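Peer 1: The listed protein sequences derive, respectively, from chains A and B.
Each step along the first sequence adds one to the number in the UniProt record's numbering, with nothing skipped, and position 46 is 46.
Each step along the second sequence adds one to the number in the UniProt record's numbering, with nothing skipped, and position 222 is 222.
To be clear, the hints were calculated from the coordinates, so they are not data collected in a lab.
Bear in mind that the values here come from a model prediction, so they are computed numbers and not experimental data.
Nothing false has been slipped in among the hints.
Chain A residues, not near chain B, derived (Cβ > 12 Å throughout): (1) Thr18; (2) His21; (3) Glu22; (4) Ala25; (5) Pro27; (6) Ala28; (7) Glu29; (8) Arg33; (9) Thr42; (10) Met45; (11) Thr80; (12) Met83; (13) Lys84; (14) Glu85.
Which stretches of chain B does chain A cover? Using the computed rule of at least three CB atoms under 8 Å from a CB of chain A, they are: (15) 56-63; (16) 180-188.
Now the in silico label distances, taken between C-beta atoms and shown as ranges: (17) B/Thr32 / A/Asp35: 46 to 52 Å; (18) A/Ala28 / B/Pro66: 32 to 38 Å; (19) A/Ala25 / B/Glu170: 54 to 60 Å; (20) A/Ala46 / B/His82: 20 to 26 Å; (21) B/Gly192 / A/Asp26: 31 to 37 Å; (22) A/Ala28 / B/Gly192: 30 to 36 Å; (23) A/Asp35 / B/Ser3: 49 to 55 Å; (24) A/Thr37 / B/His114: 30 to 36 Å; (25) B/Gln132 / A/Thr37: 42 to 48 Å; (26) A/Asp35 / B/Asp219: 28 to 34 Å; (27) A/Met45 / B/Ser21: 37 to 43 Å; (28) A/Ala25 / B/Ala43: 51 to 57 Å; (29) B/Ser24 / A/Ala46: 39 to 45 Å; (30) B/Glu74 / A/Thr82: 44 to 50 Å.
Glycine is no exception: its CB is placed at the ideal position from the N, C-alpha and C atoms.
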Amino acid sequence: MSLVALGHLAHDLDRQPTAKHELLADPAEFLARYDLTDAERTAVMALDAQALVDLGLNPMLMWNILGAAGVGPKDLYSHTITMKEAGH
Amino acid sequence: MGSLVFAGTTSHVSGIVRDPSTDSEHGAALATAWDSMAADIAAADPDVVVLVAPDHQEAFGLENLPIFAVGSAETHRAIREHGIPVDDVAGDPKAAQVLHASLVAQEFDVAIAHEMPLDHGFLVPVKRLGLQERHVVPLYVSCNQPPLPTLNRCRALGVALRRAIAELPEETTVAVLGLGALSHWVAIPRMGEINEEWDQRVLGWLEDGDLDAIATMTDAEILDEAGNGALEIRTWLLAAACAGGKARTLAYAPMDNWVTGIGITELEVAAEVTA
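If we strip away everything but chain B, and leave its shape as in the complex, we get (with noise of 0.2 Å):
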């Protein structure tokens, strides 16, 4: 039986690596606070680490774009869009193709790629985090490409993971990472703004655990407040849900380099978790 041992949540702006210097401000709080998170999941050691993550059209296209997809890669090739230095990083098909199988049964018709590469989205915080040599399982969520999936059924597949994560075979140990937001503005004209007042209220509501708040936000209201960006938040709900727990905020910063709010947080992880 597979345990979840670790989760949490970080913004994968790829500033993080390319620029990591930048915002001497802010730059070193969060520098902890990625070093801290590095280190619990380095003493966590999970077998797998399950990457929640948006695609931004580098893997998935319109030629063919799911709303969920699990990547049961050998290994998951680094894009390297716009030349960002991350590098390749090994899947885990068995495990994959176990947690796929497990959300089908759920009634959770996630598409399987045997072949899907990955963008800054996931590989930024595998770099940041020391996940290169680790195993991952990427879990691509759709967010920038309309329709998305409800915030509501974004929370209900962190709860079927979780109970996906339970049928991995013997004592299979796993980290869950929600991976994007917080607010910012991509290419639409009002790039460059942060609104730290949003970032914190959703920070907030993740520390009380008020996963209710959050999914019944509407995408209009996130697009006004908090920029194209932030529909990101679908993965932090959904390892929220997964995790169960209560969140602890590590560290947040308005990045006006990097323009977005970095928020990084680690949940509770509870001993069950129900729909």
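Only chain A is shown next, with the shape it has when bound in the complex (with noise of 0.2 Å):
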């Protein structure tokens, strides 16, 4: 079920060490080790918020997820930045 892989994506953002800096160094690489579907891809490139709690996620995992591309908590439904931007 890819909203499990999504779930572990968000997780492993906060548990493993070296894995925001290489989401954010290479984000398709970083996304091709789960198996998640175009929208949710898509959602997590562009960072959004909302798309994200749309398609299933907790919003609790979502924050983890933004966080780690460095939108901040009162951020998370208004910035305006993509996961390339952030990367950058």
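Each chain sits in its own coordinate frame; assemble them with the hints.
Peer 2: Here's what the structure looks like:
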């Protein structure tokens, strides 16, 4: 189930010491390790909080992903950066 | 025959141990309340502390998501999500298995987890209340991934837990803590809001022993008025039903820097409880 994989991604970004760096260095390569749907991959690349939640990801796990990209808790739903921009 | 010697509730936000000096206006009152509760638990000296709390998809993910689960590990590993400074804690498998068997016999089909790492929801109160050297039995209540158990079901489970405690061998003494709540919006658009009126209303119901008022709230009402984090009020209701008596609020504060209303109560332990 791809939603489980999305949850694994969120956990790995908190628990694996190098995961955040690897994600930001090469988002596409990092996300390829997870069996995500196109919609999930697009939402992660867009750092789209509402889309991730609408796809079924628990908001707390969504926060892990956006937080890894440097999005602050008050900006989860209002920021305008993408994953590629976060990596630069 | 086991007995309940202490019951209480507290919020469990990670800021409590991550940033304990935050907010000088309210911080001292909360610290005094937690220190008082810690002293009261120490005086009660329970053999086992039952920690009633949610998990935040740290121990239980979508791969396997129970509604209720008793933890029965020799040691409950600390997950330390986001690097929070908490430690592993000793479990009590024998007590856990007696409680689990009793709950199932009472027709609560609670899962059992012989390995159950614990996140901040369980371990922040363990650290703040000085329970690190005690034996714990975690009782997980699903509070953040619908469908959630109904409030009435949680209340009834609290009564069943009290009966289960009585089935513990010899003169085992038990403390029960409901961990979570009050109002907070977690990673949803209203994050940062605190509803003091709702928090005080719920604390008032607990002080009056009016569990009907809590149990008849709908999740939609709770979400609208107090946020997704307030759905954790299930843990408080369960603990209050287990205790069977009225609450005494030790402290309440809307902690903006912790983005949550913080409540700390102790519950009168009634001689008997009824469904």
